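Participant: Same order as they appear, the protein sequences are chains A and B.
When we follow my numbering, the leftmost residue of the first sequence carries the number 1, and every step to the right adds one.
When we follow my numbering, the leftmost residue of the second sequence carries the number 229, and every step to the right adds one.
Do not take every clue at face value.
Okay, the calculated bits of chain A under chain B, using three or more residues with CB under 8 Å as the criterion [unchecked claim]:
| no. | region |
| --- | --- |
| 1 | 56 to 63 |
| 2 | 90 to 99 |
| 3 | 102 to 108 |
| 4 | 123 to 134 |
Simulated crosslink set (PhoX-like; lysine-lysine; CA at most 20 Å straight-line) [what the hints assert, rightly or not]:
| no. | chain 1 | residue 1 | chain 2 | residue 2 |
| --- | --- | --- | --- | --- |
| 5 | A | Lys71 | B | Lys616 |
| 6 | B | Lys616 | A | Lys61 |
| 7 | A | Lys84 | B | Lys385 |
| 8 | B | Lys385 | B | Lys375 |
| 9 | B | Lys616 | A | Lys56 |
| 10 | A | Lys121 | A | Lys134 |
| 11 | B | Lys385 | A | Lys135 |
No lab work stands behind these hints: they were computed from the structure.
Owing to the predicted nature of the structure, the values given are computational and were not obtained by experimental measurement.
Using N, Cα and C, we set each Cβ at its ideal position, and we do this for glycine too.
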Amino acid sequence: MIQIENLYKTFQHENTSTTVLNNINLHIQQGECIILKGVSGSGKTTLLSMMAGLDKPSSGKILIEGEPISKLPDLFASQLRAKKIGMIFQHFNLFDHLSVRENVMIPLIPSGLNINEINQKVTQSLNLANISHKKEALASHLSGGEKQRTAIARALVANPNIILCDEPTANLDRTNSLLFIEILKELHNLGKTIVVATHDPLFDNVSFSNTIIPMQEGTIVEGTVVNE
Amino acid sequence: MLNNAFFHFLTLQLFKERSKHIGIIIISVLILFLLSSVLFISSSLRHSLNETLQVQPDFVISKVQGGENRATPLTWSNELLNIYGITHVSPRVYGRYFFKSKAKSFLIVGVDFLDEQAHKNLQKLIENIDIKTFLTQNSMLVGEGVKEYLAHNFYDKSYNFLTPKGEFKTVKIFQTLPTKTNLIGNDMMIMPMDLAREILGYGEDEVTDIGFNVPNPDEWTMINDKVSALHYDVRVVNKKEVQQSYEHLYNYKGGVFLMLFLILLSTFMLILYQRYSMVHSNERRHIGLLRALGWSIHDVLKLKLLETLSIVFISFILGVVTAYIYVFIFSAPLLKELFLGGQNLTSTIKFTPVLDFSVLSSIFFIYALPFISAVLIPVWRVAITDPKEAML
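Starting from the given sequences, assemble the full structure and let the hints guide the process.
Facilitator: Shown next as structure tokens:
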């Protein structure tokens, strides 16, 4: 499903180069739930961005269902991202001037579906993320938990196989964080492949996660924890 | 992929972010209003000028001494008639008459009402004029500005001219010229030629100048040479030269306004460019987010192009319509004075509505192309960067 081989990412700044990802090799199967754990600066968010095709590696490759996302032309990379990957961001990244329903429909606009078909999919997604009661509310008027559920609905609306979550509970209280973990569990049960980058201890003992991968200074630390 | 969902989203972007767009639309409408007003005025003036010149003689000759115009001998008319190719020789008497107490002046135009050409031209100015009654009394036709000014000074029915001989000559105000002639006739007094001679101090065998036509344009140069050779002190001016000198004047004034407009437009475009290029701007973040959610560069550019075009069209229509109302219905207050210069008399000049497609398309392209570029170039630059970087 997701295959990462010899991945490096280096930033150049005023004649100084900083290696953020150092020889990452990872193979994630369909339906797996992976937790990337590490402190800030360990490279987990950069790795997640590259899996989503939001950033390009300095060397190495990432294959999403056999497709090298970082090397595809823009149009194909965008289609791959729209159809196969749902992304949930740390800061939710909603359009504040739009309503919940309008935010959720955004990934489907370039798909060529007509507005009625899009509305049907949006309704299903809002129900799945349990935010349909707020569908006409402006994103700027939502609480943190509601924003997170809107972001989840948006990530699910195109029915992608892969869900990538970047620090999803960083801006949530404990109750909402636990609710989010419950939603992830449901998604896992639906057979989605999930990758979560987090440093939240709440994820240490989630029952549905197959693997916890500790990261430090751009490398995967030896001794990967595997939940049985 | 321009389906209804795309247009639905475009409409959402336009209406839900209207507070963001409204400022741009207001500035755009103001810029377009100014540009359209200036171009409407200059094309209307050019149109009126052409119409006026159409009824003017092809050539005008006058006597010049020491570089200044002197009274032209009437006998020159007969000399002109002897040149083959010349038709409609018409001596003209005109000159400025100063209303001394207020330093205002009127343009006295003497017309030979029995001359067929002069009669036709006058008929174009005013319909239903009773020439017979007009000629039996010392009468004149006056422009609206003259009428208003004289009435203000208690000359409602007639005016007493002071002739160069020191005598008073009472002339009846017969009729007022229609408003549509105000551009040329506002300060005009049209009267029989002999009466004009008496008031302006011309002798019986003298005129201000002599106009004539040359129907064959191929003969213009040859006739010009022949007439110039008649006398050492004759000045020959043709219609095209008059037209050019007026057009240069209006183009110069229009050019000054256009320069100001271009400075204003450049400033506005720079602000727009800045707005989309700024590293941490909302627009930049939104573009990055759309890309992260699966929109291609092409999709983003298409959305922004349609969004910009919508703003451009709304602004264009509002700007042009308000300029049309301002110029052709309200006669462009303020701008009219700047364009026509200080008015000798209070004027109610009406600009003739002229809607020239080339003017409209010039306005559109002068405005729309820089506007679209100022938005789309930075949008494109953001769209081709990695979404993660754009969203920072």
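Participant: Each hint should be assessed against the structure and marked as holding or not.
Facilitator: The hints, checked one at a time:
Residues of the region 56 to 63 of chain A with a Cβ under 8 Å from some Cβ of chain B number 1, which does not satisfy the need for three, so the listed coverage is violated. Only residues whose beta carbon comes within less than 8 Å of a beta carbon in chain B count, and the region 90 to 99 of chain A has 4; three or more means the coverage holds. Counting residues of the region 102 to 108 of chain A whose beta carbon lies closer than 8 Å to any beta carbon of chain B gives 5, which meets the minimum of three for the stated coverage. Here the region 123 to 134 of chain A counts 0 residues with a CB under 8 Å from a CB of chain B, which misses the bar of 3, and the coverage is violated.
As the CA atoms of Lys71/A and Lys616/B are separated by approximately 16 Å, the hinted pair is consistent with the 20 Å bound. Restraint check for Lys616/B and Lys61/A: the C-alpha separation of about 18 Å stays at or below 20 Å, so the hint holds. Our distance criterion of 20 Å between C-alpha atoms is broken by Lys84/A and Lys385/B, whose separation comes to about 91 Å. Annotation: proposed proximity of Lys385/B to Lys375/B holds, straight-line Cα distance about 9 Å (limit 20 Å).
With a C-alpha separation of about 10 Å, the suggested pairing of Lys616/B with Lys56/A holds against the 20 Å cut-off. Only pairs whose Cα atoms come within 20 Å are accepted, and Lys121/A paired with Lys134/A is accepted, the gap being roughly 16 Å. Between the alpha carbons of Lys385/B and Lys135/A the distance comes to roughly 78 Å, so the proposed pair goes past 20 Å and is violated.
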